[in-house]
Amino acid sequence: MILTVAWRNIWRNKRRTLITAASIFFALFFALMMRSLQIGTFDKIANDIVSSYTGHIQIHQEGYWDNQSINNVFDRDEKLEQEILKVKNIKAIVPRLESFALASTGENTKGCRVSGIIPDVENKTTKLKNTVVEGNYLTNNDQGAIIGDGLAKYLNISIGDTIVLIGQGYHAYSAAGKYAVRGIVHTSSPELNNNIVYLTLSNTQELYSTENRLTAISIILNDNGDITKIKKKILKLLDENIYEVMAWDELLFELKQLIDSKQDSSTIMLGLLYMIVGFGVFGTIVMMTSERWREFGLLVSIGMKKIKLMLIVFIETLLIGFLGIVFGFAISLPIIFHFNKNHINLTGDAAKAYTDLGFDPVMVFSNNPDFMISQIYIVIFIVLISVLYPILKLTRLKPAEALKK
Amino acid sequence: MKIIEVKNLNKIYHEGEINVHAVRGIDLVIEQGEFTAIVGPSGSGKTTLLNMIGGLDNPTEGEIVIDEINIGNLKSSQLTDFRMKNIGFVFQAYNLIPVLTAKENVEFIMHLQGKSKKERADRAIQLLEEVGLGERVNSRPSKLSGGQQQRVAVARALASKPKFILADEPTANLDSESTANLLDIMEKLNREENITFIFSTHDARVVNKARRVITIDDGKIMSDITK
Ligand SMILES: Nc1ncnc2c1ncn2[C@@H]1O[C@H](COP(=O)(O)OP(=O)(O)OP(=O)(O)O)[C@@H](O)[C@H]1O
Ligand SMILES: [Mg+2]
Chain A
0 MILTVAWRNI WRNKRRTLIT AASIFFALFF ALMMRSLQIG TFDKIANDIV
50 SSYTGHIQIH QEGYWDNQSI NNVFDRDEKL EQEILKVKNI KAIVPRLESF
100 ALASTGENTK GCRVSGIIPD VENKTTKLKN TVVEGNYLTN NDQGAIIGDG
150 LAKYLNISIG DTIVLIGQGY HAYSAAGKYA VRGIVHTSSP ELNNNIVYLT
200 LSNTQELYST ENRLTAISII LNDNGDITKI KKKILKLLDE NIYEVMAWDE
250 LLFELKQLID SKQDSSTIML GLLYMIVGFG VFGTIVMMTS ERWREFGLLV
300 SIGMKKIKLM LIVFIETLLI GFLGIVFGFA ISLPIIFHFN KNHINLTGDA
350 AKAYTDLGFD PVMVFSNNPD FMISQIYIVI FIVLISVLYP ILKLTRLKPA
400 EALKK
Chain B
0 MKIIEVKNLN KIYHEGEINV HAVRGIDLVI EQGEFTAIVG PSGSGKTTLL
50 NMIGGLDNPT EGEIVIDEIN IGNLKSSQLT DFRMKNIGFV FQAYNLIPVL
100 TAKENVEFIM HLQGKSKKER ADRAIQLLEE VGLGERVNSR PSKLSGGQQQ
150 RVAVARALAS KPKFILADEP TANLDSESTA NLLDIMEKLN REENITFIFS
200 THDARVVNKA RRVITIDDGK IMSDITK
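As given, the protein sequences belong to chains A and B, one line each in that order. So for the first sequence, numbering that gives the first Met the number 0 puts the first residue at 0; every next one is plus one. So for the second sequence, numbering that gives the first Met the number 0 puts the first residue at 0; every next one is plus one.
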């Protein structure tokens with residue numbers, strides 16, 4: 000009977016209920032779209048970089064990340080690599096030697112990043128082969144190079160041409176080598192496209208005279224699971240004085256900061272939006288309370304306990320909130336799931352803005368339930384705060400006075 | 000049998016600087032089965048007196064004993080419970096819950112008393128038939144006339160099997176036909192089922208129906224006549 004009364008009460012003033020529920024709906028819809036797009040796009044950016052490049056976790060010589068010098072290398076230890084592979088949830092480990100060099104064709108010269116890889120290991124994990132847009136991928140004992148399409152364009156070279164790499168090697172040895180361009184890659188990272196040169200690991204070690212040393216072991220996990228836990232397990236296998244172990248969010252610190260700051264500003268916006276909606280809901284409830292004050296007085300007069308009356312008001316407010324939530328999700332979820340499957344490719348200025356930041360110009364909607372649930376919490380929180388007003392007011396209801404209204 | 004005893008009842012309202020002495024030292028005994036009118040000019044204190052008897056308002060001084068319980072000693076929530084179990088109320092207007100039908104309005108108080116669904120439904124129908132609304136059980140208050148609404152209110156007041164029914168100007172908003180009709184129903188319930196009614200009124204025709212007439216003025220009993 001209590002539920003019946005509450006349900007019918009919310010339809011007493013249909014217009015007001017609908018407007019209130021609609022305001023919740025719009026805020027929720029907007030919040031869900033915005034968050035979904037943001038989280039989706041940022042996740043994609045991070046995932047792209049993590050899966051195609053950094054990996055989830057990296058092991059370096061202690062101090063390498065702050066000072067990425069070719070002198071900060073460590074001896075490759077394949078036994079240790081086998082040990083690490085045994086840690087649960089690790090999919091693969093990818094040894095690399097990376098440094099900088101000048102790439103030259105004789106006519107043009109450009110600074111570039113040289114990445115020494117084991118072609119088949121690299122491909123198994125980062126699918127580098129799929130990014131080859133022209134020519135071929137490296138074979139395991141290849142003497143050639145593959146380079147980013149941006150770099151190729153800048154240097155104006157094509158498949159079969161030769162590039163010369165000049166740089167500084169291990170312990171100030173001079174580094175110089177000549178490599179035939181086997182393939183051109185286009186990755187999802189515009190930055191990489193503009194400066195990357197891939198060689199085989201052994202060629203790179205030879206170029207920089209590092210012998211059997213590496214700058215990094217990149218670790219790929221099966222899923223984004225508990226990175227911190229896995230990091231700890233890896234740390235136990237290593238001598239912390241020699242190695243540093245970093246998770247992707249430390250490796251991509253600047254990206255993480257950029258993402259966080261974007262999210263902060265949108266959080267403020269959503270906060271304002273929810274505040275406006277909150278005042279709307281509150282206003283509705285204040286009006287409802289004053290309109291029905293006499294009725295409340297009547298109900299208490301004939302013997303209804305205040306706590307029961309509070310329950311009715313509480314259920315009514317909650318129902319209005321749920322109405323907004325149900326419609327909010329009914330409309331948002333199909334859109335979110337559609338664009339989660341079908342990414343939106345940006346064009347024109349928007350695309351350029353993304354590329355300038357070094358991101359793939361693609362918008363992705365996230366269907367991660369976490370952010371959706373937190374929106375529900377916010378709406379329920381607004382409802383709970385608003386319902387405090389009639390509840391507190393009811394504690395002071397005096398039947399004789401309320402009946403006079 | 001004595002069901003209500005009012006002893007030296009006083010009520011002073013404080014309105015800013017002014018004190019309004021609305022009820023001044025009223026002593027009163029109501030017996031089971033009475034059909035009593037409280038009359039007096041506007042502002043004489045009828046509503047104030049009835050509200051205090053009904054436990055809706057606290058006296059400034061004095062006692063109200065109902066069935067040997069001094070209701071001044073009850074806490075607010077106990078008093079609410081006491082009202083639900085012992086007192087039936089009919090107010091001047093807007094007695095009903097607008098979103099419930101006539102039958103549901105009558106059932107509502109039995110729901111508060113924890114009566115079973117079957118018992119509620121049966122009794123609600125029976126009571127509505129008694130007040131001549133057997134045909135309108137499923138109508139919402141807004142679809143009923145003022146007189147019909149007051150009859151539903153009487154049925155509701157009866158539903159909880161109270162010790163007595165308090166009615167503050169139950170006919171004030173009714174035309175003469177509806178007034179006569181409501182009075183007839185109340186009188187019949189009093190005569191046939193020995194239900195105690197205490198009602199206030201301005202209306203001479205209503206006063207004529209009462210068996211006991213208590214006249215108050217300026218918060219004091221001026222006369223108390225039993226026919
Ligand atoms: N809440 C209140 N605050 C201040 N004064 C009040 C309050 N309620 C009633 N009064 C005053 O107490 C006196 C008695 O009022 P009451 O309502 O009991 O009269 P009444 O006999 O019921 O009048 P009516 O026939 O108009 O209903 C009046 O002077 C009134 O102004
Ligand atoms: Mg009055």
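Hints were generated in silico from the structure; no laboratory data involved. Hints should not be assumed to be uniformly reliable.
As the list claims (entries may be wrong) - Sample of chain B residues at the chain A side, in silico, Cβ under 10 angstroms:
no., residue
1, GLN112
2, ILE220
3, MET221
4, THR225
As the list claims (entries may be wrong) - Derived SDA-like pairs: lysine to any residue, alpha-carbon spacing no greater than 20 angstroms straight-line:
no., chain 1, residue 1, chain 2, residue 2
5, A, LYS403, B, LYS84
6, A, LYS304, B, GLU14
7, A, LYS397, B, PHE81
8, B, LYS74, A, LEU391
9, A, LYS231, A, ILE89
10, A, LYS13, B, LYS208
11, B, LYS84, B, GLU60
12, B, LYS116, A, ILE1
13, A, LYS403, B, ASP66
Stated by the list, open to error - Stretches of chain A that chain B covers, calculated by requiring three or more beta carbons in the stretch to come under 8 angstroms of a beta carbon on chain B:
no., region
14, 44 to 52
15, 251 to 262
Small disclaimer: the values here were computed from a predicted structure and weren't measured. By construction, the Cβ of each residue, glycine as well, lies at the ideal position given by its N, Cα and C atoms.
Taking the hints in turn, this is what the structure says about them:
| no. | hint | result |
| --- | --- | --- |
| 1 | GLN112 | holds (8 angstroms) |
| 2 | ILE220 | violated (21 angstroms) |
| 3 | MET221 | violated (24 angstroms) |
| 4 | THR225 | violated (28 angstroms) |
| 5 | LYS403/A <-> LYS84/B | violated (23 angstroms) |
| 6 | LYS304/A <-> GLU14/B | violated (29 angstroms) |
| 7 | LYS397/A <-> PHE81/B | holds (16 angstroms) |
| 8 | LYS74/B <-> LEU391/A | holds (19 angstroms) |
| 9 | LYS231/A <-> ILE89/A | holds (13 angstroms) |
| 10 | LYS13/A <-> LYS208/B | violated (45 angstroms) |
| 11 | LYS84/B <-> GLU60/B | violated (25 angstroms) |
| 12 | LYS116/B <-> ILE1/A | holds (14 angstroms) |
| 13 | LYS403/A <-> ASP66/B | violated (28 angstroms) |
| 14 | 44 to 52 | violated (count 0) |
| 15 | 251 to 262 | violated (count 0) |
Checked against the numbered hints above, the structure breaks hints 2, 3, 4, 5, 6, 10, 11, 13, 14 and 15 and satisfies the rest.
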